[in-house]
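Top to bottom, those sequences are chains D and P. Be aware that the first sequence starts at 1484, since it is given in the working numbering, and climbs by one per residue. Be aware that the second sequence starts at 1288, since it is given in the working numbering, and climbs by one per residue.
Be a bit skeptical, because a hint or two may be false.
Said to hold, decoys possible - In silico DSS-like links for lysine-lysine, alpha-carbon gap of 30 Å or less:
1. D:K1513 x P:K1450
2. P:K1450 x P:K1418
3. P:K1659 x D:K1513
4. P:K1670 x D:K1546
5. D:K1513 x P:K1500
6. P:K1659 x D:K1546
7. P:K1367 x D:K1546
8. P:K1640 x D:K1524
9. D:K1524 x P:K1500
These are computed hints drawn from the structure, not numbers from a lab. From a predicted model like this one, the values you see are computed outputs, not experimental measurements.
In case you want the letters, here they are:
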Amino acid sequence: MNHRTRLLRLLMLSAWAGLFLSSLNACSLKVAPWERGNLAKQQMALDPDALDAALSRHAYGSKEGSSGGYGVGGGGCGCN
Amino acid sequence: MAATNSTATSSKLTALTMAALALPGMVAKSHADSPPAMPQIDTNFSRYEESGNRMRIETYQAAASLAVGDNLGFRVNGVKDVVTGASPVTIGRPGPSCKGPSNGLLVQCMSGASIRDERDAVDIGANYYLKDVTLGVDVGRSSENDYTSDFFNVDTRWELNQKMTTLATGFGYASDSVWAIQHVNGQNVREPGVGGDKSTHQGLLGITQVLDKNSLIQANLTYANNAGFLADPYKWALVDNVYLRDSRPGSREQYGVLLRYVRNFEELNSAALHLDYRFYSDTWGVDSHTLEVSWFQPLAYGWQLRPRIRYYTQTSADFYQPIYQTARLDGNYSSDYRLAGFGAIAGGIQLNKEFFDRLRLAGGVDFYERQKGLGLSGGAGTKLDNFSYSMYSFSLNLKF
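Whole structure, please, built from the sequences with the hints as guidance.
Shown next as structure tokens:
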């Protein structure tokens, strides 16, 4: 599979994700602020333990050929 | 929570809600779209150990965050890695110049247990909080005896649709230098003519959407453009029975799509399910799929248990081979195990306890198994590069 095919697949996946989220937004019921108690719980944060998540992703990124997705930033390393 | 609660409670709930809706920011950054309610210190110690007496890394990490006024928050983060052990150099033929695990025909050549390095990294960030928009900036430096990286990032988060939707953008830049160190008479000596500079530009577009009062979903698209010296100065490749230095294209574009789903189970003591899927593709020919499932289970008396499992599979880079029978026209050679086709299964568990809403202690262990046979994506590779690691970590979080 050449790079153009991979890129096309990636863009299609992104478009699908965007359309999916847009449709959810369009048809979802509103959640009032006083109904957001469960969403506010620590375990419902996208990364409840930021240092632990950073440590794990650093280890994965050092031993695998992939990185990204979760955010931008941070410096490189000479990890072997 | 009832709508008739006091203003103070509503304000606290709003702050907590914004924290729950936070978007991805910089590495190791707090995910809160409001200034920290009180000064906070986060510390973490971990010990990483690979199978076969390979790398051992002890990591000390600390972060402090502080609000100044109602709209400004600062955060400083420091990391120290102490690295010892050995690392794979290449795949070769059995012989005196190549020592390591062997299958009779091929050998994984190891560096010898002589590696000792320290990495020190620090970054300082600030967030400015407006009514619906948060602006963030972060600058930092990471240095080793054979690598330096200077970086900065900016990001924005825009809450709309009554804070049910959050849009995020991010941009990052890093300027790195890499070289090779030789040990001569107990001294670290820089190897002349090996290494170089590289630059990385990164971008992020993201959206987080509240689905209902118990679930939310996030989608991120990230892009990175790397240019310069992208090879590994310590690695070699066997080409037509001659060892040549690792050599890779001078540019690499990386794309990632991340989908995340978080759901609360009120009937299970408000346990939370986290599902992450990432698709990755780059111009070197590496494609990967990552699936991670985590479960956060609150228990009695402030205890919480968090098991997780992760599966990863990737194709090999176009120019990767364990060994090369003939020379390539483009001159790119790498037998780096990270560019091979393989799969990996990881899992771990963490137990933590919170005291007085101010102090949180946690301990956890993670295991990682990398095998050529676990890969579903295909591509070149060898079982000689199979390895595993374990990582033990302890953390302390304190609010003042």
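### Query
Hint by hint, which ones does the structure fall short of?
3
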